[in-house]
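Chains as they are written, first to last, in the numbering used here: chain A, 11 to 53; chain B, 13 to 212.
Treat the hints as calculated values from the structure; they're not laboratory data. We put the beta carbon where it would ideally sit given N, CA and C, even for glycine. Among the hints, erroneous ones may be present.
To be verified - Partner residues aside, some chain B positions facing chain A, computed with beta carbon under 8 Å: (1) Ile27; (2) Ala52; (3) Ser80; (4) Arg82; (5) Leu134; (6) Cys138; (7) Phe175; (8) Gly185; (9) Gly186; (10) Asp192.
As a plain string of letters, each chain reads:
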Amino acid sequence: MLEDTGFTDVQIGPAVDTFGGANGEEKARAYEVYGYAFLARKH
Amino acid sequence: MSDLLVDADALREQIRDKYREVAVDPHRAFHFHTGRPLAARLGYEHDAVQALPDRAVESFAGVGNPFSLRRLQSGERIVDVGSGAGFDSFIAAGQVTDSGRVVGIDMTPEMLKKSRATADDLGYTCVEFREGLAESLPVEDGWADAVISNGVINLCADKKAVFTEIHRVLKPGGWLQFADIANGRPVPPEALRDIDLWTG
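Given only the sequences and the hints, what does the whole structure look like? Please build it.
Set out below in structure tokens:
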């Protein structure tokens, strides 16, 4: 979707266990939900 | 006919209610972490976080670190989409310094009140907060050197509209650096249509 809207050079950082130990951990584990940093540039 | 999975206005209202709670009662238990422990968990620079008052940090509810792949440069103009109580905007202000500008945009009045009060207390003249939506940012075309956001775009029903709007406010060659969640396993269609699951 980033490239569809005119962004290039997309980079994605490593996964972060954003919800570990929080109340939402169980649901996050069920769908393998993690946090990521994204970097892209306007073409 | 809209091809969105949920009603965008209804979702926005639930999100606003949730983050109103995060603004006024940040120490209660949410489905996500908040505050200084979360900032440490996500790898924010300790000294930059330590320098901020509790009011700037306690309602922080991001999901990653939008500064981890690129540090902002002195003098840059930044838009923070979904700035909340201002945590990432204040981190950005420290990186762009007084020669830069940071515009935080949020739709929750309680968050805006908090971020503006903190900016006043800190005497940050390079930071301002505006009321607005991610899908219609109150920023002129091509103004920003970089757009940051943290844990916000996943909460927007029309993500393509958000990215199109971010593209509009960026200069040619400008940077989009944001943090958000992604799932490794597919979420069933019925769950995607359940607004309660979007908000935790």
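Each hint, compared with the structure:
Taking 8 Å as the C-beta contact cut-off toward chain A, the hint placing B/Ile27 at the interface is violated, the least distance being around 15 Å. Using the Cβ-Cβ criterion of 8 Å, the hint placing B/Ala52 at the interface with chain A is not satisfied: the shortest such distance is roughly 12 Å. For the restraint placing B/Ser80 at the interface with chain A, the shortest Cβ-Cβ distance is roughly 5 Å, inside the 8 Å limit, so the hint holds. At about 6 Å, the closest approach between the beta carbon of B/Arg82 and any beta carbon in chain A falls short of 8 Å, and the interface hint on this residue holds.
Because the closest C-beta pair between B/Leu134 and chain A is about 25 Å apart, greater than 8 Å, the hint is violated. Evaluation of the B/Cys138 hint against chain A yields a violated restraint, the C-beta minimum of about 22 Å exceeding 8 Å. Here the hint on B/Phe175 is kept, as its CB sits about 4 Å from the closest CB of chain A, short of 8 Å. Checking B/Gly185 against chain A by beta carbon gives a least distance of about 6 Å; that is within 8 Å, so the hint holds.
For the restraint placing B/Gly186 at the interface with chain A, the shortest Cβ-Cβ distance is roughly 5 Å, inside the 8 Å limit, so the hint holds. For B/Asp192, the interface hint holds, since its Cβ comes within 8 Å of a Cβ in chain A; the closest pair sits about 7 Å apart.
Checked against the numbered hints given earlier, this structure breaks hints 1, 2, 5, 6; the rest are met.
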